[in-house]
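Peer 1: Model the full assembly from the supplied sequences, consistent with the hints where possible.
As a plain string of letters, each chain reads:
There are 2 protein chains.
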Amino acid sequence: MPAHAISKSVPRYITVAQTLMQEIEQGKFPVGGMLPTEIEICERFAISRYTAREAVRQLTDLGLVTRRAGVGTTIQAKSVNARYTASISDPSDLFAFTKQTRVQLLGEDQVEIKGEWLKVLPDAAGQSWPRFTSLRYPAGPGGKEPIAYTETLVQPSYAAIRDRIHRPGQTVYQLIEELRGEKVHALQQEITCVSLPKKIAELLHAKPGAPALRVLRYYLGADESLLSVAINTHPQDRFKLTTRWQLNWNAE
Amino acid sequence: MPAHAISKSVPRYITVAQTLMQEIEQGKFPVGGMLPTEIEICERFAISRYTAREAVRQLTDLGLVTRRAGVGTTIQAKSVNARYTASISDPSDLFAFTKQTRVQLLGEDQVEIKGEWLKVLPDAAGQSWPRFTSLRYPAGPGGKEPIAYTETLVQPSYAAIRDRIHRPGQTVYQLIEELRGEKVHALQQEITCVSLPKKIAELLHAKPGAPALRVLRYYLGADESLLSVAINTHPQDRFKLTTRWQLNWNAE
DNA sequence: AAGTGGTCTAGACCACCGA
DNA sequence: CGGTGGTCTAGACCACTTG
Chain A
1 MPAHAISKSV PRYITVAQTL MQEIEQGKFP VGGMLPTEIE ICERFAISRY TAREAVRQLT
61 DLGLVTRRAG VGTTIQAKSV NARYTASISD PSDLFAFTKQ TRVQLLGEDQ VEIKGEWLKV
121 LPDAAGQSWP RFTSLRYPAG PGGKEPIAYT ETLVQPSYAA IRDRIHRPGQ TVYQLIEELR
181 GEKVHALQQE ITCVSLPKKI AELLHAKPGA PALRVLRYYL GADESLLSVA INTHPQDRFK
241 LTTRWQLNWN AE
Chain B
1 MPAHAISKSV PRYITVAQTL MQEIEQGKFP VGGMLPTEIE ICERFAISRY TAREAVRQLT
61 DLGLVTRRAG VGTTIQAKSV NARYTASISD PSDLFAFTKQ TRVQLLGEDQ VEIKGEWLKV
121 LPDAAGQSWP RFTSLRYPAG PGGKEPIAYT ETLVQPSYAA IRDRIHRPGQ TVYQLIEELR
181 GEKVHALQQE ITCVSLPKKI AELLHAKPGA PALRVLRYYL GADESLLSVA INTHPQDRFK
241 LTTRWQLNWN AE
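Residue numbers (full-length UniProt numbering), protein chains in the order written: chain A, 1 to 252; chain B, 1 to 252.
It is possible that part of the hints are untrue.
Stated by the list, open to error - If you want the footprint, here are the derived chain B segments under chain A, 3+ residues with CB under 8 Å: (1) 84-90; (2) 193-202; (3) 205-216; (4) 238-244.
To be verified - Straight-line Cα separation of at most 27 Å, DSSO-like style, residue types lysine-lysine; simulated pairs: (5) A:LYS240 <-> B:LYS240; (6) B:LYS240 <-> A:LYS114; (7) B:LYS28 <-> B:LYS78; (8) A:LYS119 <-> A:LYS240; (9) B:LYS207 <-> A:LYS119; (10) A:LYS144 <-> B:LYS119; (11) B:LYS119 <-> A:LYS207; (12) B:LYS119 <-> B:LYS240; (13) B:LYS207 <-> B:LYS240; (14) A:LYS144 <-> A:LYS198; (15) B:LYS207 <-> A:LYS199; (16) A:LYS240 <-> A:LYS198; (17) B:LYS207 <-> A:LYS207; (18) A:LYS240 <-> B:LYS198.
Because the hints were derived from the structure by calculation, they are not lab data. All C-beta atoms in this analysis are idealised placements derived from N, C-alpha and C, irrespective of residue type, glycine included.
Peer 2: Here it is in structure tokens:
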């Protein structure tokens, strides 16, 4: 017997899965109830058990049903709620294709949180945070132009980072994790656009007033406490932030 | 022959998958290289093809490998390391806190893909794509200034969108999904910074030459085909793109 | 043409569960 | 105990990619 009689190149288990999904959607198999057993599906569609299982696997992957040996298949939801997700293995992945970069430390000092800084760190008013400034170059040698000017502020209690920050290839968030022995729990990224201030423009060998991407990155600890904030300024045409969002079916 | 000789109740395909994962981790199968074929795995572990496939399925589910009929199984990563993920329920969520926006359609025409457009749509050279231009305002009434100027190009075969695009509250990607009866599979977002061109500046009531965020959004179909591309231009200070990345605990 | 992964069949034994 | 899903075998044909 041929694998599929009618619609060529559409797998049998796909059409079976779609049929079952429609019937769930229509309430023929209500949420909380049971899907027919594998054997019943085999008989109904005249398919082997492998094909029936593959069809039901589609539903489980979509989170529509759950299965338990000895019990059966329980309907969990009428329809899938699709979500798009993006993932990175490392905060430095946010630099996308420019992951390979070289960092040159410019200096360090202390910043009093007042004035303009209150917009960045409203909860740290009156405090004094250590600041590190640096330039980021494309990987490899050569006198290429920098792609970013970075200011990194770290929470006062992490000032010990100062002793380690000179090590090349280390990012601040890695140092924080090292110091704390804990992972950065989340990071929040805010992207805006600015005119290049004169001082930064000089460092970047760019024209003052030219447009630039400004990327603020807040590093948060397990209790949502602010560990560090990095301010990256990228001159026009030297940087492009790329994110890929993928449709995710196995939503809850 | 018994299904599994040694470790009872641990499926054979699980142990095979773990063995393969270890060997990938150790570099025995380097990233970018090929995993042994199914038949080779069958012979090596003395298992049937079903079991071998089930083992490799574990790896594909984890994103460690991808498979292509006629080619083989390609190693994608040494280990599961998607530590941080960001998720949105809907592409319009990328507008973050400005999700509530009002759209004013300005006009529609056809664009020949040549010159500057080749940078945006290099694979569509010589084609003619329908274009819709619009302004996006903050929600609610009042004569507020627009937060974005948007050009949307759709694949020529989706020109029928023209008939529906006048409906308010509908986004282009929703119309595409409606037309195609399929979800947008992925979207790729590219963020750069530009100087406001004079014509756009006038529409946005902004100063020509002022910095602006440019967000390109490519909408991709199931086979990675380009369905549509939207070009959003946001004047300085009127828009901020916020993304929150959350540490993923269930990653290995 | 040869080899890959994708689909499918018809069997089988098992661990688990509820009556 | 009988029925469920979970695992597994040994075949088979197919669509696809590459030489």
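Peer 1: Are the hints correct? Go through all of them and say.
Peer 2: Comparing the hints with the structure gives:
no., hint, result
1, 84-90, "holds (count 7)"
2, 193-202, "holds (count 3)"
3, 205-216, "holds (count 4)"
4, 238-244, "holds (count 6)"
5, A:LYS240 <-> B:LYS240, "holds (16 Å)"
6, B:LYS240 <-> A:LYS114, "holds (22 Å)"
7, B:LYS28 <-> B:LYS78, "holds (10 Å)"
8, A:LYS119 <-> A:LYS240, "holds (25 Å)"
9, B:LYS207 <-> A:LYS119, "holds (24 Å)"
10, A:LYS144 <-> B:LYS119, "holds (23 Å)"
11, B:LYS119 <-> A:LYS207, "holds (24 Å)"
12, B:LYS119 <-> B:LYS240, "holds (25 Å)"
13, B:LYS207 <-> B:LYS240, "holds (18 Å)"
14, A:LYS144 <-> A:LYS198, "holds (20 Å)"
15, B:LYS207 <-> A:LYS199, "holds (23 Å)"
16, A:LYS240 <-> A:LYS198, "holds (22 Å)"
17, B:LYS207 <-> A:LYS207, "holds (18 Å)"
18, A:LYS240 <-> B:LYS198, "holds (23 Å)"
Of the numbered hints given earlier, the model fails none.
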